[in-house]
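Sequences listed follow chains F and P, in order. Residue numbers for the first sequence follow my numbering, so the first one is 1 and each next one is one higher. Residue numbers for the second sequence follow my numbering, so the first one is 156 and each next one is one higher.
Just so you know, these hints were derived from the structure itself, not from any lab. Hints may be right or wrong, so weigh each one.
Unchecked claim - For each label pair, taking beta carbons as the anchor points, the in silico distance ranges come out as:
{"no.": "1", "chain 1": "F", "residue 1": "Thr22", "chain 2": "P", "residue 2": "Asp590", "range": "52 to 58 Å"}
{"no.": "2", "chain 1": "F", "residue 1": "Lys81", "chain 2": "P", "residue 2": "Ser545", "range": "55 to 61 Å"}
{"no.": "3", "chain 1": "F", "residue 1": "Ala150", "chain 2": "P", "residue 2": "Tyr731", "range": "47 to 53 Å"}
{"no.": "4", "chain 1": "F", "residue 1": "Glu122", "chain 2": "P", "residue 2": "Phe744", "range": "48 to 54 Å"}
{"no.": "5", "chain 1": "P", "residue 1": "His835", "chain 2": "F", "residue 2": "Ala82", "range": "36 to 42 Å"}
{"no.": "6", "chain 1": "F", "residue 1": "Glu70", "chain 2": "P", "residue 2": "His835", "range": "30 to 36 Å"}
{"no.": "7", "chain 1": "F", "residue 1": "Thr5", "chain 2": "P", "residue 2": "Ser195", "range": "36 to 42 Å"}
{"no.": "8", "chain 1": "P", "residue 1": "Met229", "chain 2": "F", "residue 2": "Thr22", "range": "39 to 45 Å"}
{"no.": "9", "chain 1": "P", "residue 1": "His751", "chain 2": "F", "residue 2": "Glu122", "range": "56 to 62 Å"}
{"no.": "10", "chain 1": "P", "residue 1": "Gly369", "chain 2": "F", "residue 2": "Ala150", "range": "53 to 59 Å"}
{"no.": "11", "chain 1": "P", "residue 1": "Ser616", "chain 2": "F", "residue 2": "Ala150", "range": "33 to 39 Å"}
{"no.": "12", "chain 1": "P", "residue 1": "Glu260", "chain 2": "F", "residue 2": "Gly12", "range": "29 to 35 Å"}
Unchecked claim - Just so you have them, the derived chain F footprint on chain P, three or more residues with Cβ under 8 Å:
{"no.": "13", "region": "177–187"}
{"no.": "14", "region": "841–848"}
Cβ atoms here follow ideal geometry from the backbone N, Cα and C, with glycine treated the same way.
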Amino acid sequence: MPPETIRFTLDGRAAAITAEPTEPLAHALREHCGAQGVRVACSRAVCGACTVLVDGLPAASCAMFLWQVEGCAVETVARLKAHPLQEAFARHGAFQCGYCTGGFLMLAKALLAENPSPSRAEIAEYLSSNICRCTGYSVIIEAVEEAAAAMRAPA
Amino acid sequence: MSIGLSLPRADGAEKLSGRATYTADIALPGMLHAKLLRSSHAHARLLRVDAGRARTAPGVHAVLTRDDVPEGLMPVYGYFIKDQPIVATDRVRHVGDIIAAVAAETEAQAVAALALIEVEYEALPVVASIEAALAEDAPELFPQAPIGFVPAYGEGARGALRPAKNICFEFGYRMGDAAVFDRCDHVFEDEFRFSRMWHFHLEPFVSVADARDGRIEIWSSNQNPFPLRKELSRIFRMPENAITVRVPYVGGGFGSKNNCKTEPAAVLLSMLAGRPVRLALTLAEGFLTNTQHAAILRLRTGVMSDGRLVARQSHIELDAGAYSDASPLVAEKAGYRIPGPYAWEHVESLCRCVMTNTAPAGPFRGFGGTQATWASESQIDMIARRLGISPLAMRQKNLLKLHQAYMPGESGVDSDMEDGLQTVLAAIHHTPAPDRGLGFAVGFKDGGGVNKPAQARVKVSTNGDVFLGCGTVEIGQGARTAIPQIVAEILGTSATRIRVAPIDTDHTPFDQGTNASSGIAVMGQAVARAATAVRDQVLGFAAAQMGTPPETLRLEDWHIIRGNERLPLGPMIMRYYGGTGFEFTADGFFKPDSDHHAPLEAQCVYWEIGWAAAEVEVDRGTGQFTVTQLVVAGDAGRAINPMLCRGQDEGSAIMGYAQAMFETMRYDAAGELLNGDPLHYRVPLAEDLPARFTTLTLEQGHGPGPFGSKGLGEGAMLPVAAAIANALEDAVGIRITELPLTPERVLRALDNLEKATA
Ligand code: FES
Ligand code: FES
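Excised from the complex, chain F in its bound form (with noise of 0.2 Å):
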């Protein structure tokens, strides 16, 4: 297949990756942008340590198309900047090997502008379509039950 130019926001800023169109946007992202925050693991849409934020849903990166985020705004790990999910993570100690973290980090993001009150269940069900193998989870559902009352508190 021919290389084609897609255009996109990575992060905020403008981004154009020439490629096959078909390139899993994961391994894009990676090689052509430096987007090192994108974690693959399983390659199979079933972890999440891939997801990134597309026009601010979630999505597997790892099993989408490079040409699907074409117009797109793309966010991934690298667009926290001292964000509150971050520091309740730090906080909290919901990473350990961190390979997982920056999927999580996302997700919770996006459950958060979905919903900005969700009750410990809520949490639970949500983060529930990414893996950790490492902290057993309630570190993570409790770092996200404290950055959502950060990010609801009156500045």
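With chain F's structure known, arrange chain P with the ligands on it following the hints.
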């Protein structure tokens, strides 16, 4: 003050921003990408491997088959037994066994070239289970004996290579006189089955190797860089100083990233291609690479009517899979730990590693202790109920007391077993109700490895900036956070001033590996000694400068404190050493003493204990049950960083919970793994957590590590499955002796119970 603080993880900035570097992120100029051709047969002779067309395929720089291994190499590896080839030679022994490898400009080209390799198999009979491999008429999987050795054992212990067909190794331990069985009021014989899990570390196996000009440089996702260097040196017949192993952050391992995995093939391809080579497996290939040990455990236990335990004989068979890997070491541990934390007059254990045509089994969190605890803690409960004694009273009567020797010549246990048990029982809020039950168990293993040496180096610059060289790999456990806390405490500085040097075997002090929950209790001791030696050097230097005895001085924030005086060290150092300053440096070393009276040739460094209590509610109609509460405790001795301790215990407990409830690899009789991919293999998700799930970190204070610490990370996994099985019996009177505890098994057991009582 650093000890006991839940300092945020030192790797937070890198891991929370996505910038942390793992081996998968390493790219070298001119790097090629490699992929592997794997066997589709579980057991077959390789009649023909023809890679002719692959060699000329687009982008291909090197092809590795049995015909490409240069003369003079030792292309097999393993721990005690060197039986695993880099690429298959005469036969393949499991589905997924490696037949060939290709290095090409891109991964896609490598995959395309693999498809051009022609393989002709002659199918051989398959043995896919312990029973099949031990059958009279089973084929011999290794007609020629591979090279291997038996380590030295101390009193009561022994090992043997190939004691029988399809058994690569057996470990035996014996203490006391079997005649005591004759005095027992009851002798109970029970059989237990243990399932097999895959580690499911999220970062797949990956290595980047540059093997040119008589040197090997390798970056690898590996938890034991120094043993890897030694193994590569042996395979490639190169001096260890021609090999540099670098280990960036590792994305989880849980035991799997030991010894050789992707490394030898990556190195060999790089030699053949004359270019650096990256070999990254898919996650699914991990299922074919290394797994936990399935097991059959038979226990024969003699007791008195009042519940006193007298004697235990055990016979354990581990499914070692196609190659021996770490199976002999796991057998040693399963066989040694099977008596559990109880006082016995006689113990006799035999643990055998049975070769099958399934993926090689190897180290897995718990390391034989999970298998042993499952059987032992189930049977203790069963015996209590048969004798009409409460399971708690039964344990109280027999648990080893603090400091009581585990076996003759062995160290005393360094946790108060009963205290831990009472703690989890107090924390579980159980109110009896129909079909609701409470169960508990004590997980038990020796911790810190056997006879494991560790070295560390601490350097402090003129301004008090600290460098720590230590080979403990940051694999998620928090080594780079907790170990610096030990240094900070000793040097009277802040943990944020300590930089842990990246791991590079040319510079990093020697370490036997990141395994056996040894980071704090073994490496921590080496680090503490290095830090103490540096502190003493600094105080000695200051004392000489000040003309005062060192005992009158203290170090705090890189100032010398004498009485009310507080002198900055920087200027004092530059006055003596000159304006460019100096570095104070010291090494620390730790190894348990060798001791021939100890069964494993050195006393165990510490005992890693996990206590669990579980409450279940059973639906008799469907066999479904829920764990309504799970409380698990570990003993940190002293918690260096409580947040990290909790992380280790929770992650570990949930692995045990998953094994109890649903997680398992399923093989068919033809050796085909039925759920060997991330979609079909079920691991726990956030929504699977028990409704109430608590872990408690005890600090009983008896550990040998710095400040009374011990290790954590495996103990909490051990007791969970048995606690849940015991709770099921408490709830509805059924006993399940096979994992996982599926609703089907519960339903069947309920049916059988009904028939038996009808
Ligand atoms: S790597 Fe994309 S979902 Fe697992
Ligand atoms: S932190 Fe390792 S997988 Fe989540």
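Hints that the structure is at odds with (numbers, increasing):
none
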